[in-house]
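Chemist: The lines below spell out each chain.
8 protein chains.
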Amino acid sequence: MAKFKLDEIDHQILDMLIENTRVPFTDIAKKLLISAGTVHVRVKKMEDAGIIKGSSLTLDYKKLGYSFIAYVGVFLQNTSKTAFVLERIAEIPYVTVAHVTTGKFNIFCKIRARNTEHAKDVIFMLDDIESVYRTETMISLEESINDKKRLMHSIFNDL
Amino acid sequence: MAKFKLDEIDHQILDMLIENTRVPFTDIAKKLLISAGTVHVRVKKMEDAGIIKGSSLTLDYKKLGYSFIAYVGVFLQNTSKTAFVLERIAEIPYVTVAHVTTGKFNIFCKIRARNTEHAKDVIFMLDDIESVYRTETMISLEESINDKKRLMHSIFNDL
Amino acid sequence: MAKFKLDEIDHQILDMLIENTRVPFTDIAKKLLISAGTVHVRVKKMEDAGIIKGSSLTLDYKKLGYSFIAYVGVFLQNTSKTAFVLERIAEIPYVTVAHVTTGKFNIFCKIRARNTEHAKDVIFMLDDIESVYRTETMISLEESINDKKRLMHSIFNDL
Amino acid sequence: MAKFKLDEIDHQILDMLIENTRVPFTDIAKKLLISAGTVHVRVKKMEDAGIIKGSSLTLDYKKLGYSFIAYVGVFLQNTSKTAFVLERIAEIPYVTVAHVTTGKFNIFCKIRARNTEHAKDVIFMLDDIESVYRTETMISLEESINDKKRLMHSIFNDL
Amino acid sequence: MAKFKLDEIDHQILDMLIENTRVPFTDIAKKLLISAGTVHVRVKKMEDAGIIKGSSLTLDYKKLGYSFIAYVGVFLQNTSKTAFVLERIAEIPYVTVAHVTTGKFNIFCKIRARNTEHAKDVIFMLDDIESVYRTETMISLEESINDKKRLMHSIFNDL
Amino acid sequence: MAKFKLDEIDHQILDMLIENTRVPFTDIAKKLLISAGTVHVRVKKMEDAGIIKGSSLTLDYKKLGYSFIAYVGVFLQNTSKTAFVLERIAEIPYVTVAHVTTGKFNIFCKIRARNTEHAKDVIFMLDDIESVYRTETMISLEESINDKKRLMHSIFNDL
Amino acid sequence: MAKFKLDEIDHQILDMLIENTRVPFTDIAKKLLISAGTVHVRVKKMEDAGIIKGSSLTLDYKKLGYSFIAYVGVFLQNTSKTAFVLERIAEIPYVTVAHVTTGKFNIFCKIRARNTEHAKDVIFMLDDIESVYRTETMISLEESINDKKRLMHSIFNDL
Amino acid sequence: MAKFKLDEIDHQILDMLIENTRVPFTDIAKKLLISAGTVHVRVKKMEDAGIIKGSSLTLDYKKLGYSFIAYVGVFLQNTSKTAFVLERIAEIPYVTVAHVTTGKFNIFCKIRARNTEHAKDVIFMLDDIESVYRTETMISLEESINDKKRLMHSIFNDL
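Chains as they are written, first to last, in UniProt numbering: chain X, 1 to 159; chain S, 1 to 159; chain H, 1 to 159; chain L, 1 to 159; chain G, 1 to 159; chain Z, 1 to 159; chain F, 1 to 159; chain U, 1 to 159.
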C-alpha cells in the first residue's frame, strides 16, 4: 500500500488547522504566501486521501456537568464475542474510547459520566452486556494531559 | 459557582458544529431559522464561557505512520512528585493523554508511536523521568471506538 | 437541590453532641449562652433536615467476644444482581458495612466475628449467596483507628 | 482475663439504647418494669467495665457535602514503621478507619472526602507520609450498608 | 471448654519425648527423679486429653525418591463445595497438607512428588476434581526449615 | 550417588513404625515372623543410611493454645541474603516451615501463633529482619489435612 | 535408564557442529586429528542415541516480515483438556513454542506475527480453541538474546 | 528500507534446508531441477542479505542432563539500566532467551538447568545482578512444542 506523501506546504497547512480548524483559508494562504485556491486544493486532497478525517469541537466537559472520567477494563467470557461486545459498547454514548488490548483485559474503555452515581450506572451497562463477565474500574482524579496537537506538530516536524 | 445555562438554540448550534467545525455560520443560521449574527453571538458567548475551548482536526494516524497505541501505567516513588513528573511527561509529544488515577497506578498515559521499536523508546523516556520507578504497558491491538460525538449529542439531548 | 445551611450555633451544638450524645440540652444551652429551647429547636430542625439521622452506642466488641474483623471482597457473576445480593448480605448481621466499589471487587464488606472459625462461617454465608461466585478476604490484625469524631469536628471547622 | 457477664436486663437496656442513645432512663425503666435507678446503675456498670465506650451521632455526610468514600490500601517500606505511620494517619481527619491487615496491604484505610479532587488531596497526604511507599485506592460507588445495630442485636440474642 | 492444665513435670516429659519418641520411660523417670509409673500415668493422661495425638517417623524424602515439593493454591467454583473437594483431595496421598484459607485461594495444599513430571500428574489430579476451576503452583527450590520442635520447646517454656 | 535399596521387610517395618513410633520391636517381629534382632538391625541400618531421621510427637496445638496458622510470603531486597535471612527466621520458633520458592515470593513460611494479636507479632518479627522488605500473609481458616502417613504408605507400596 | 556417555572427542565434534552444522566432516577430522570416518561414526552414534535430533536454519524473521513476538499465557477450563488444546495449538504455525507450566497459566506460548494486527488474529485463534477460556499477552519490545550456543558450549565444558 | 525479495526457487531451497541443514546442494538441485551452482549462488545470496543467519543443531537437552526449563520475569529498579542488565544476563549461559517486554516484567528470560537446585542457582545469578530488584519464576512442566519449522513453511507458503 503506497503511502500518501505530504510535502512541506501540506505540513504547514495542517500545522495551522490543528491550532484552529476554523481559520479561513485566505489567512492560511496569506501566511504561506500561496493562493487560497491552492490551500483549498491541498486540504481537499488530504481529505480525499483520508488523512484528514474530519474536525471536532473541544468542549469543556466539566462545565457541561460531565466531570467524572474512568477507565474500565472489560473481561470477556470468550474473545470470539469481541466484535459483538464492541457493537453493544458503541451504543453507550458515555464510552468515548474503546480498545482491544493485550494484557489482562480484553477490551479497555474510557468513560465520561456526570458523577459517581452516574459512573456506577455506566459501569453496570457494560457489566450487563452479554458475554462480559467482569469489569475493573480505575478512576481518574485529574485529566492532566489531553492534547493531540503536540503529537501532530511532532509528526509534521519528523516527516 | 453558577453553571452556564445552554438553551435549545445553543444545543442545536453545538450539534451542528460537532459534526463539522468548519460549517459556515450562514448554513447553521438557515437550518435553525435564525440570523447568522445570532449564531455568531451564541458561539462567541459559549467560547467566552469556556464551554467551547477550541477545535481540532481528526487525522488518520495510521496513514501518517503512527499505528501503534499503548496505555502505560506509571508508578511514582512519591506522589509529591506528581506535578513535576506530569511536566516532564508533557514534554513527550507521543503521550497524548495522561491522568492522575486511583488504583495501582499513580499516572496513566496513552501513547502513540510508529511501531514496536518506537514504542519501546517512548516507554523508556517515561521510565527515565526522575521519580518514576516503574511502568507497566498494555498494548492496543485495535482502536475500536474513539468518538466523542455520541457523548456530545447525548449531553445536548439530556440537558 | 438546595443544601441546608448550618450556622455557627448549629456547629457548636453538633460539636458537643458528637462528643456525648446524652449531654443534656440544658448543659449545651449554658455553654453556648442560649436557651435550652433554642437547642431543642435547632436539633429538631437538623433532624428534620436529615442531617442528624440518629445516634448509636460505641461498644467494645472485644469485650463482647467479637474480636475478629475482616474485609471481604465479593465478585458477582453479573452486576445486574447487585441489588439482590445486597439484600441477602443485609440479612447477615455480622456484615456491618457493605459498599458497591470500583476496582477488582463488585461489593466490598466489613465483617465482625467471634474468631477464625466463626469468620469462616460468615465468609461461607457470603459465598453461598446466589450470584456470588468468589470472595477474597483480608484479615485485620489490629483496628488502629475507628473514629468519625475527628472528621466531624473538621467538617464543622471547615464550614 | 475474666469476661464481664451481661444478664438479660443488661441486654434489654442495651437493645433500647442502641436504637436511640438519648432515650430517657425512665422510659427504659417503664418498659422493663424496673426502677430508673436500676437502669442508671446498670449503664454505669457497663460503662465502668468498658463495654459501653461512648455514643456518637449518625450524621448524613452527603448532606454535609462529604459524599465521596474510598478505601485506600497502604504499602510500607518497612513494617517496623507501622506505629509511626499510624500516628501520622491519625492526624488526617478524613481517615475515619484504619487497620493493620494481612494480605497485600500493610495498612488499610477508609476515607471520606468532599469530591474526587478532595479525595486526591487526601490520598496524597497518605502517600506523602514518610515510610509509605505506595497506596492503592478503591472508590465506593454506593454505601449500601453501614449499620452496627443488626450486629448488636444479634450479639445480645446470642449471649 | 476447660483447658487441660499441664504442670512442670508434664512439660519436662514432653520435652524429652519431642526429641525422641522412642526414649524408654525409665530413662525419662531417671532424669526427672520420678518413677517410671508416674511417667506412664502422665503420658496416658495427656493422650486421653488428646494433647498427644500420636507420633510419627521423620523420614528423608529425598532418599526415598521424593525430592519435589510444591504449594498449590486451589480456586473453587463455589465454596459450598469446600467439604466435598477436601474429601477428594484427601484421596491423593501426595497432598500432605491442606488448608481452607483467606486471600486469593480457597484451599491451599502442600504436595510432595518424585519429580517435575510426577508433580504435573499430581497437579492435574487436583485440577480434575469436580468444582475446582483453577490451581496455581509455587515450587519449592529448597526446604530450609521443617521443624516443629523449636515451637514445642517454646510452648512448654511459655506455659 | 547410589540410592539405598529398601526391601519388602524394610517396607513392612516402616509401615508399622509410621503408625506408631513407640511400637515395641518384639511386636513388629512377631507380626512379620522375623526375630526382634532383625528388626533392630534393619531399623539401625535405615537410621545410618539417613532414611529414618528421627521421630516426633503429634500434639494437638489447639489444646495447647496455638490455634492460629498462617502462611507468610517473604520478599527479599536481594536473594544473596537468602541464607542470612533463613538463619534469622530459624530463630523464631513460631515459624515451623520455611521454603525458598519460585513465583512471587523469595521465601515462604508457615507460622503457628496463639491468636490474631500474636500472629501480628510474629509477622512483625519477620518483617523486621534485615533485607526483608515486605511480607504477605494468608490465614488458615481450617487445617483440613496434615498427614504424611498416606504419603509414606503410598511410597512403600510404590517401591 | 542408563545415560549415554559422551567423551572428549564427542564434545569437540559437537562444539564445532554447533557453530556451523554444515561444516564438512573432513574439516572436523583435520582439526581434531582423527579420520573423517571416525567423525561420521561418532555423529551417527549421537544421532542414534537421540542426542542430536536434527538441525535447523537460523533465519532473520524481521527480514522475512515477521518482526512481532509475543508471549501468550493460556487458561484452560479444565486441565484434562491440556493434550487436546496442545494439539489444536500445534496447528497454528505462528506458535513456535508451547509449555505446560506452573503458576497462573496452564499453557504458555511464544508467537511470531507480522504486526499488531496479525498478532491479534493469532491470539484470537488461541482464544477460539475449545476449552480455552482466557489468554493474557505480553509483547516483546526487543529480542535481546536467543542463543543456545552458549548453553551448549557450557554443557560440553561441564561434562 | 527495501526488503529483499525471495522468489519461488528461494522458497523451495529454504524449505528443504529447514528440514535438514546438512542436505547436499546436489540433492536440492536434483529435486528442483536446477544446477547445484544455482543452489549455491542462491544460498550465498540469502546469507549475504542476512536472511539466513546460520544454522544450529537440535540437541536433546534431557539426554544431556538439562531437563529443567523455567521462565523468569525480571523487574528492574530503573529501566535506564536495561542494556547494562542484558549484558550481565548474556554472561549466564543457562539463559537461552531474553526479551525486553511490556506488561509487568521489564525483561523476560527462558532458562535451562539441570534440576531444581541448579535452577535455584541460576535464578540467584539473575537476582544478584545490580539493578535487578526482583524476579518471578514460572516452571515448565513439559515442553510440548518447540518448533520453528511450521512457521518457516508457513512463511514461505504465504510469500
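Honestly, the hints are just simulated from the structure, not real lab data.
Wrong hints could be hidden among the right ones.
[Unchecked claim] In silico PhoX-like links for lysine-lysine, alpha-carbon gap of 20 Å or less: (1) G:Lys63 x Z:Lys81; (2) Z:Lys148 x G:Lys62; (3) U:Lys5 x F:Lys62; (4) L:Lys63 x H:Lys62; (5) Z:Lys104 x U:Lys148; (6) F:Lys120 x S:Lys62; (7) L:Lys104 x H:Lys148; (8) U:Lys104 x F:Lys148; (9) U:Lys81 x U:Lys104; (10) Z:Lys62 x G:Lys63; (11) Z:Lys62 x H:Lys120; (12) U:Lys63 x S:Lys104; (13) S:Lys5 x S:Lys44; (14) X:Lys104 x S:Lys149; (15) H:Lys149 x L:Lys63; (16) U:Lys53 x F:Lys62; (17) S:Lys45 x X:Lys63; (18) X:Lys44 x S:Lys44; (19) L:Lys104 x Z:Lys148; (20) L:Lys53 x H:Lys63; (21) H:Lys104 x U:Lys104; (22) Z:Lys45 x G:Lys148; (23) L:Lys148 x H:Lys104; (24) Z:Lys81 x Z:Lys104; (25) S:Lys5 x X:Lys62; (26) H:Lys62 x Z:Lys149; (27) S:Lys149 x X:Lys45; (28) F:Lys53 x U:Lys62; (29) L:Lys5 x L:Lys45; (30) U:Lys53 x F:Lys148; (31) X:Lys149 x S:Lys5; (32) L:Lys5 x H:Lys53; (33) S:Lys62 x X:Lys5; (34) F:Lys44 x U:Lys53; (35) L:Lys5 x H:Lys62; (36) X:Lys148 x S:Lys149; (37) Z:Lys149 x G:Lys62; (38) F:Lys149 x U:Lys81; (39) F:Lys148 x U:Lys81; (40) X:Lys104 x F:Lys30.
Chemist: Just to be careful, I want the Cα atoms of Lys120 (chain F) and Lys62 (chain S) compared with a cutoff of 20 Å; is the pair within it?
Modeler: Between Lys120 (chain F) and Lys62 (chain S) the Cα gap is close to 17 Å, so the pair holds against 20 Å.
Chemist: Below or equal to 20 Å on CA atoms is what counts here, so check Lys148 (chain Z) against Lys62 (chain G).
Modeler: 14 Å, holds
Chemist: Take the C-alpha atoms of Lys62 (chain Z) and Lys120 (chain H), compute the straight-line distance between them, and say whether it is at most 20 Å.
Modeler: The given pair, whose Cα atoms are some 17 Å apart, holds under the 20 Å limit.
Chemist: Keeping to a limit of 20 Å between CA atoms, is the pair of Lys149 (chain X) and Lys5 (chain S) held or broken?
Modeler: With a Cα-Cα distance of about 30 Å, the restraint between Lys149 (chain X) and Lys5 (chain S) is violated, given a limit of 20 Å.
Chemist: When you check the alpha-carbon spacing of Lys5 (chain S) and Lys62 (chain X), does it fall within 20 Å?
Modeler: 13 Å, holds
Chemist: For the pair we were handed, Lys148 (chain X) and Lys149 (chain S), check the Cα-Cα distance against 20 Å.
Modeler: 17 Å, holds
Chemist: Holds or violated: are the alpha carbons of Lys104 (chain L) and Lys148 (chain Z) at most 20 Å from each other?
Modeler: Not OK: Lys104 (chain L) and Lys148 (chain Z) at ~31 Å, beyond 20 Å, violated.
Chemist: Is Lys44 (chain F) close enough to Lys53 (chain U), meaning Cα to Cα at most 20 Å?
Modeler: 26 Å, violated
Chemist: Would you mind confirming whether the straight-line C-alpha gap from Lys81 (chain U) to Lys104 (chain U) stays at or under 20 Å?
Modeler: 16 Å, holds
Chemist: Can you confirm whether the C-alpha distance between Lys149 (chain Z) and Lys62 (chain G) stays at or below 20 Å?
Modeler: At roughly 16 Å apart (the allowed maximum being 20 Å), Lys62 (chain G) and Lys149 (chain Z) satisfy the hint.
Chemist: Checking one constraint from the list: CA of Lys53 (chain L) to CA of Lys63 (chain H), max 20 Å. Satisfied?
Modeler: This hinted pair holds, its Cα atoms lying about 11 Å apart.
Chemist: So if I understand the rule, the pair passes when the alpha-carbon distance is 20 Å or less; does Lys62 (chain H) with Lys149 (chain Z) pass?
Modeler: The given pair, whose Cα atoms are some 40 Å apart, is violated under the 20 Å limit.
Hints 1, 4, 5, 7, 8, 10, 12, 14, 18, 19, 22, 23, 26, 27, 31, 32, 34, 38, 39, 40, counting from the list given before, are not met by this structure.
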